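**Student:** Here is what each chain is made of, one letter per residue.
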Amino acid sequence: MEALYGHPKSLVSVQSKYCPGCGHGVIHRLVAEAVDELGMQEKAILLNPVGCAIWADLYFDMDTVQVPHGRTPAGATGIKRMRPDHLVICYQGDGDLAAIGTAETVHAANRGEKFTTIFVNNAIYGMTGGQMAPTTLVGQKATTAPRGRDPDVAGMGYPIRVCEMLATLEGTKYLARGSVDSAVNVRKTKQYIKRAFEAQLRGEGFGLVEILSPCPTNWQMSPSAAADWLASDMIPYYRLGEIKNELSTRGTVGEGASLQGAAL
Amino acid sequence: MAEEKCLMKGNEAIGEAAIRAGCDAYFGYPITPQNELTAYMAKNMLDSGRIFIQAESEVAAMSMVFGASSAGGRAMTSSSSPGVSLKQEGISYACGADIPCVVVNVQRAGPGLGGISPAQGDYFQATRGGGHGDYYHIVLAPKSVQEAADLTYEAFDLADKWRMPVMVLADGLIGQMMEGVVLPPPLEGCKRPDRPWAVGSGKSGARNRISSCILDPETLEAAIHSRYERYEAIAKERTSFEEIEVGDAELVFVAYGTSARVCLGAVQAARKAGLKLGLFRPITLWPFPSERLASIASDGKRFLAVEMSMGQMVQDVRLAVNGAAQVDFFGRCGGVVPSEEEVLAVAKKLLGRDA
Chain A
5 MEALYGHPKS LVSVQSKYCP GCGHGVIHRL VAEAVDELGM QEKAILLNPV
55 GCAIWADLYF DMDTVQVPHG RTPAGATGIK RMRPDHLVIC YQGDGDLAAI
105 GTAETVHAAN RGEKFTTIFV NNAIYGMTGG QMAPTTLVGQ KATTAPRGRD
155 PDVAGMGYPI RVCEMLATLE GTKYLARGSV DSAVNVRKTK QYIKRAFEAQ
205 LRGEGFGLVE ILSPCPTNWQ MSPSAAADWL ASDMIPYYRL GEIKNELSTR
255 GTVGEGASLQ GAAL
Chain B
249 MAEEKCLMKG NEAIGEAAIR AGCDAYFGYP ITPQNELTAY MAKNMLDSGR
299 IFIQAESEVA AMSMVFGASS AGGRAMTSSS SPGVSLKQEG ISYACGADIP
349 CVVVNVQRAG PGLGGISPAQ GDYFQATRGG GHGDYYHIVL APKSVQEAAD
399 LTYEAFDLAD KWRMPVMVLA DGLIGQMMEG VVLPPPLEGC KRPDRPWAVG
449 SGKSGARNRI SSCILDPETL EAAIHSRYER YEAIAKERTS FEEIEVGDAE
499 LVFVAYGTSA RVCLGAVQAA RKAGLKLGLF RPITLWPFPS ERLASIASDG
549 KRFLAVEMSM GQMVQDVRLA VNGAAQVDFF GRCGGVVPSE EEVLAVAKKL
599 LGRDA
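Line by line, the protein sequences are chains A and B. So this note's numbering is basically just the index in the first sequence, starting at one, shifted up by 4. So this note's numbering is basically just the index in the second sequence, starting at one, shifted up by 248.
Extracted from the complex, chain A is given alone in its bound form (with noise of 0.2 Å):
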């Protein structure tokens, strides 16, 4: 008899403490069934950010580090260029990555560090209670934007789009957005994960994946309503499939999905 399926082995077996319809849980799971399938788990080294993933050490059974808030990829360039041989995986939410550091996030990708960013987009910051994120979509509520983001009135600016402002670098070789609000991009954003991971170890540029990831508590909805908002309107702004990918060993993600280069 051959085990098809189980715990992975680079999770530790606990009951998380993510709100029930999170993403971090899925996501979790796709970084270490990723790690396990590498065989990489003893040579991984993740950061985990600060945010609701600040907990993301508590259940990856794997060497963390814990920096500054944003400043997790310089955290994670001084850690792979000590310890090339590992896999290195900066673990950040929308706020850690495209807010307080934007600067560390564009500059270690400009400088084609040798990690990879899995990027947890949920449009909103979560551990803080809600409040309006750089990925908060125009119209969407939050505690800092109580009428709706409004980019134009109140000066609070629209959504980045991180990969496809990162695509224009030259040091970026992989970027990738996923979802998690349904299996069957749970299963694309898995691959997306996989191939950003091998292309570290082939030592090839910077690699993000990007993770749409539903917060029902602070969307303030039910977790299959937060599912359904996900899909009705942040992928239709945040478009999903390859936004870049310059890899040596080009391999596309599941049907229509990729896009080579740059396309903005």
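Source of the hints: derived by calculation from the structure; they are not laboratory data. Honestly, I wouldn't trust all of these hints.
[Unchecked claim] Covered stretches of chain B (in silico footprint by chain A; criterion: 3 or more residues with CB under 8 Å from a CB of chain A, positions within the stretch not fixed):
| id | segment |
| --- | --- |
| 1 | 270–284 |
| 2 | 291–303 |
| 3 | 313–323 |
| 4 | 456–469 |
[As the list claims (entries may be wrong)] A few chain A residues that face chain B, going by a derived Cβ cut-off under 10 Å, partial list only:
| id | residue |
| --- | --- |
| 5 | Lys47 |
| 6 | Val54 |
| 7 | Ile58 |
| 8 | Met66 |
| 9 | Pro72 |
| 10 | His73 |
| 11 | Val92 |
| 12 | Asn114 |
| 13 | Met160 |
| 14 | Ile164 |
| 15 | Arg165 |
| 16 | Glu168 |
| 17 | Thr172 |
Note that the coordinates shown come from a computational prediction; the quantities given were computed from them, not determined experimentally. We treat Cβ as the ideally placed atom computed from N, Cα and C, and that holds for glycine.
Based on the hints, put chain B in the right spot on chain A.
**Tutor:** Positioned in the frame of chain A, the structure of chain B alone reads:
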């Protein structure tokens, strides 16, 4: 091999000493008056196959240091005052996660962008834990290019031994001037301390987790208490100072770094003229040599603290003396270095010998 004395700029001597101490990774950002140090590291770290990155900011440079050290490397950053303010975020995290590293501050005048001339206005920031939270870290204050090299070299060992950032607090004069220096020998590989706590250190099964985040108040309090016990041990073991002609002095200057050089000149000039002055020079600013100062105070000495600031270290002198002796202060600020003559004149006036 015979000791080789060479003529070097302070900034370059600090860089070379760091390389000889086994610095694996340097991260910096341009700022005057320490640019020669970053340039020296760019050339020599890359030439020797080590890690050098010109970071996008001081903030990022400090977190790169945090990362590299977490992964087992001897890591260093350097800057000058406004840049060191930015590094305080990462220094606080490094203190909270017990991450060793070396931070060099070649001070310039503040506040704000201030000026680029030498100053000692960052004493409070350096010695009081310049970021948020309850912590201290070791602060070493060189007075010469030689000492800048020696203290930088030792800073890496101290950081590893006590698991904390060690700051070398120099100033623009020490960074920019050239002096003869005998460089310390390159560290042999076998002398490198083991870092079993580092991530990626190769053991299977056990996990290393580096974090300053402890949400349970009692647990966090216990961690801070344990760190403060270490602080007491450091104070016992590594407080250092220099005393020059203190024994029979009627007045003792207390000064560090560049100010101490100025005061030394004033002591020598006074002695030639028959006036008995002395100098007490703290080399560790944290831990501050309070015990020794208190002991000198109990001998009935009076003190004149001299700084290139409006008076920061003088507070530590007063705390140490605790009312047992008179403590006066003279300072220049804004990037002005006091002259031997003006310092001597202040001492004479205090002693009533200015007629």
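**Student:** Return the numbers of the hints above that this structure violates; sort them in rising order.
**Tutor:** Numbers 13, 14, 15, 16, 17 - these are the hints that the structure violates, sorted from lowest upward.
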